[in-house]
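*Asks:* Starting from the structure of chain X, add chain G where the hints point.
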Amino acid sequence: MSVEVAPVPLVELSGVSVTYDVPRQKSVVEALQSVDLAIAKGTFTSLIGPSGCGKSTLLRIVADLIAPTTGRVSIEGQTPASARRARQIGFVFQEPALLEWRSVLDNVALPLELQGMARAQRESEARQLIDLVGLSGFEAVWPSQLSGGMKQRASIARALSTSPHVMLMDEPFGALDQITRDRMNLELVRVFEQTGITVLFVTHSIREAVFLSDNVIVMSPRPGRIVRNIEVDLPRPRNLLVRDNPTFDELVGIGARELEQGYDA
Amino acid sequence: MAQRFGTLARMAGPPIVAAVVMVGLWEGVCHLFSIAPYIVPAPTRIWAAFVSKPGSLLFNGGVTFLEAISGFVIGSVLGALLGTAFAYSRLLARGLLPYIIAANTIPVVAIAPIIILWFGHGMQSKVAVTAFLSFFPLALNMMKGLQSYDRVVMDVFHVSAASEWQRFFKMRLPNALPYVFVGLKLNVTFSVIGAIVAEFVQADKGLGFVIMTTYRTLNMPRLWAAMLLSAVIGILFFALIAWIEKRTIPWHSSMREDR
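Just so you know, the protein sequences line up as chains X and G, in that order. Here the first sequence is numbered in the numbering used here, starting from 1 and rising by one per residue. Here the second sequence is numbered in the numbering used here, starting from 1 and rising by one per residue.
In isolation and in its complexed conformation, chain X is listed as follows (with noise of 0.2 Å):
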C-alpha cells in the first residue's frame, strides 16, 4: 500500500463545525466541533461513531447536501458544490434509494442518463458494474423484486457509474441481516480492491469498520469531534480469514474502548 508516501489527501477538512437551529426549544445544537480530516486518495476511511454524533452530517457536508456552519471542505482542491457538478462525488445511501419504474439495469445507469451520456453506451457501463457486483442476470428486473441485499448492490453500482473520485456510504448495510453483511462487506472489500478508489464509510459496527478500512475514526457523541483516528494495518487482499489475525481482536479492541471512553466522558 501506499500509506507511507503519504500523498496528498484526497478529501480535506479543516476546522468544520455545524450547528443547527431548533426553533422550538429557542436552542442551538452543535452537531460537529472543528473537525479536521485528510483522507488520503485510494484508501477506505471508516467514520464510527454513537447515534447522533454527526458522523453523516459530515458524509453530506463532503457531498454538498449540506453546507457547514464554519471551516473548509476541498475535495482534490475542489469545494464539494463543483466537486458534486463535476460528478465526482458518489453517494450510497442507508436505503437503496432506487427508482421503482426503473428497472435495475435503468437505476444503475441513471447518473450516467442524467449527465447526458448515450443509451448504448451508458447501458454497457452499467452492465459491466452490474456484474461487478454480483448482479448479473437481474438487468431487467423491477427493484421490487429484488432482496434487500441485491438492493444495496444495485445502489453501489449506481454510486460507481460516474467513475466518482471519492464514494461515500452511510451506513449502507445497517438494515441488512448479519448474514447478508458479512457477505456484503467481503463484496465492498473485493470492489474496493478492483477498483482502488476512495471509500468513507459510516458505520455502528466497529468489526466491520475495522474489516474494511484501512483507517478508523472513533469519534465522539455530540457534539461530534474526532477522538481517534486508528491506523488497521492489516493485509490486503482481505478476506474473511483477517478475523483470525490477532491484529483484528486487537485493533476492534481499541476501538470499542474508545467508544466507551466517548459514553463516559
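Worth flagging that the hints you see were computed from the coordinates, not collected in a lab. Just so it is clear, CB atoms sit at the ideal spot from N, CA and C, and this is done for glycine as well. Do not rely on the hints blindly, as some may be mistaken.
Said to hold, decoys possible - Examples of chain X residues toward chain G, derived with CB under 10 Å:
{"#": "1", "residue": "R84"}
{"#": "2", "residue": "G90"}
{"#": "3", "residue": "Q115"}
{"#": "4", "residue": "S144"}
{"#": "5", "residue": "T162"}
*Replies:* Okay, now just chain G, sitting in the frame of chain X:
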C-alpha cells in the same frame, strides 16, 4: 393460450353468471307480478326499445361520450397543470387551495346553468361543465403525487447533479403517475355525470336530452335503455383508462396480479 383462456374464464365467469341470473329474475318478477312497464320495464322491453331505433340512441350516446371525453381531457390537463404549479409554489397553494376546495364542493347541478349561459347552447357548454368537474381531482392528485417523492431519492438526484427538469421528468412525474391515475379514474365517472347533467339543463341531443324527453312522455323503456347505455359508456371509458394505467405503471404495487 389455454391457460390464458382459463384465467379469463375465472375472471369473467362469476360476473357473467351473476348478470344472467339477475336479468332472468328481473324478467320473471316483472311478468309474475304484472309490474307496469313505466314503473319497471322488463329487460326484454328495454331491449325492444333499444333495437326499435338503435341509431338514434347510439347517436345520442356518441354525443354524450364525445362531450364527456372532451371535458375529461380538457379538465384533466388544466387540473394537472394547476396541480403542478401548486406542487412547486407553496405560496400559490396556500393562497388558492382553500378556494379550489370550496369550488369543488359546489354541486354540479347548481353551477351547470351558469356555465351553459356562459358557453352557449352547443356541445361546448356541456364540455365546459364536464371539464369543470374533471378539474379538481387532477389538480389535487397531481399536487399530492408530485410532493410525495422520497427525500433520499431526491438526494440521489442532487448528488448526481441533476437539473430541475431532470428532477421533474425522471423522478417527480413518474412518481406522481399512480396518483394521476387515481384522479383520472374519478374523472371517468365525473365526466359522464357532468355531460348528462349539463344536457338536463339544456340540450337538443345526447343521452341527458333523451332521458328528459322520454321522461316527459313516460316512454320508460326507452329511458331505461338510455340510462343503461350511459352506464355502458362509463364502463368502457373506465376500462380504457385502466388499460392505459396497466401499460403506463406496470411497476406499481397496485398493478400486481398475485393479489
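*Asks:* Hints first: check each against the structure and report whether it holds.
*Replies:* Outcome of the hint check:
Taking 10 Å as the C-beta cut-off, the interface hint given for R84/X holds, the closest approach to chain G being about 6 Å. Nearest Cβ of chain G to the Cβ of G90/X: about 8 Å, under the 10 Å cut. The hint holds. Taking 10 Å as the C-beta contact cut-off toward chain G, the hint placing Q115/X at the interface holds, the least distance being around 8 Å. Hint status for S144/X relative to chain G: holds, with the closest Cβ pair at about 7 Å, below 10 Å.
The closest approach between the C-beta of T162/X and any C-beta of chain G is roughly 7 Å, which is under the 10 Å cut-off, so the hint is satisfied.
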